[in-house]
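Those sequence lines, one after another, are chains G and Z.
Letter by letter, the first sequence follows residues 0 to 207 of numbering that gives the first Met the number 0.
Letter by letter, the second sequence follows residues 0 to 207 of numbering that gives the first Met the number 0.
Don't read these hints as lab results, they were simulated from the structure.
There could be a bad hint or two in this list.
Any copy, or any two copies together, can satisfy a pair, since identical chains are not distinguished.
DMTMM-like, lysine to aspartate or glutamate: derived pairs with alpha carbons at most 20 Å apart [unchecked claim]:
#1 K161 / E188
#2 K161 / D187
#3 K63 / E130
#4 K161 / E181
#5 K53 / D43
#6 K161 / D144
#7 K63 / E47
#8 K63 / E73
Protein chains: 2
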Amino acid sequence: MADGRVPNTPSPHIREKRRRRRAEILHAALQAFRENGYHTTTLDDIAERLGVRKTALYHYFPDKESILYECHRESLGEIARMIEEAETCCERPAEKLAYLIREHVRVMTETLEGSPLAFEVPALSPERRAEIIAARDRYERVLRDLVLEGIRGGEFQRVDPKIAVFAILGAINWIARWYRPEGAIHADELGSEFADYLVGGLMCRQPR
Amino acid sequence: MADGRVPNTPSPHIREKRRRRRAEILHAALQAFRENGYHTTTLDDIAERLGVRKTALYHYFPDKESILYECHRESLGEIARMIEEAETCCERPAEKLAYLIREHVRVMTETLEGSPLAFEVPALSPERRAEIIAARDRYERVLRDLVLEGIRGGEFQRVDPKIAVFAILGAINWIARWYRPEGAIHADELGSEFADYLVGGLMCRQPR
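The shape of chain G in the complex, shown without the other chains (with noise of 0.2 Å):
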């Protein structure tokens, strides 16, 4: 441009290297607040793990709490996308159940290094943290329904559903404590555990 502005719409090539380096840092930032917590972990922390400085950081997010805040984003936007997948690809509430909880289960493990996002809600500013719980108790809601329908269908045992929501959840949350990738435990065998042990503890049992 002749007056030296920067062009507007950066090209396809450009938005999507920028999109690239943009998950990279996310990815960085998640690992780092894993291993020594969102508290300790600085900003310097997250830069040096990519091998550039600080300031380059500031191209993508302006501060710390807003790549907690993006990571929270993306990984809601993982289980909106699940809870649709479910509703087309199983009928009975134990199959959807299970499915989500397989996938819930993977984003955990693989798409996020096993999330420290299930434990980072306080560190984030009032409305960005309402904005994130609100979006949590949706998809609790969806859960919630999916017990309540397998009871009312005769296959789920009589329990409470907010109850065993808030244990599925804190089974599946709970794993970003404990899970090591590099560990004996393979992601996709512990979502099926997880699946197995979770759906059958409210499957209707016949005494033995």
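Once you've looked at the hints, dock chain Z against the given chain G.
Relative to the frame of chain G, chain Z by itself:
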């Protein structure tokens, strides 16, 4: 004493008073940690909840980390007692496991204000962290051995004991994140529902 020294051995009355005061401090600290997070809580916040000045706390604890550490020790002491009781009062692995789940839920909900203990290990010094983690590991082994015993005796399905125990502990520890003593879910009911659900998921099932 004629020379003005403080006696070395306080009277039973004073000892009891100190013991109660100490428990009050731990209790107030846990409430503060839970409401505002460990990192943002100050000794002044804890003192304010007790209607005293910060200096009064120094008679009991040198710093905030020591308070957190003592909270952990108390809670792990309770868990050690639970394990002994389960051995005495129950016979089959399923009963023992159900007992431990119910009692652990009780510790989480009643004794320690929906304890934030489950979450604050990284805030401890390396030595103290190692001690607390070792005690937790011992507890995890007890639970895994019970699952294994149940599988060998034909009572439980052939699950991965490690994964099942992570699910159980995740469900229980997560209580600290959502449980409100003034809420609709009663602690006893929560313990029983968790025990039914989490032991039920392990039991051998007849297909319907």
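Could you check the structure against the hints above and give me the numbers of any it violates, in ascending order?
-> none
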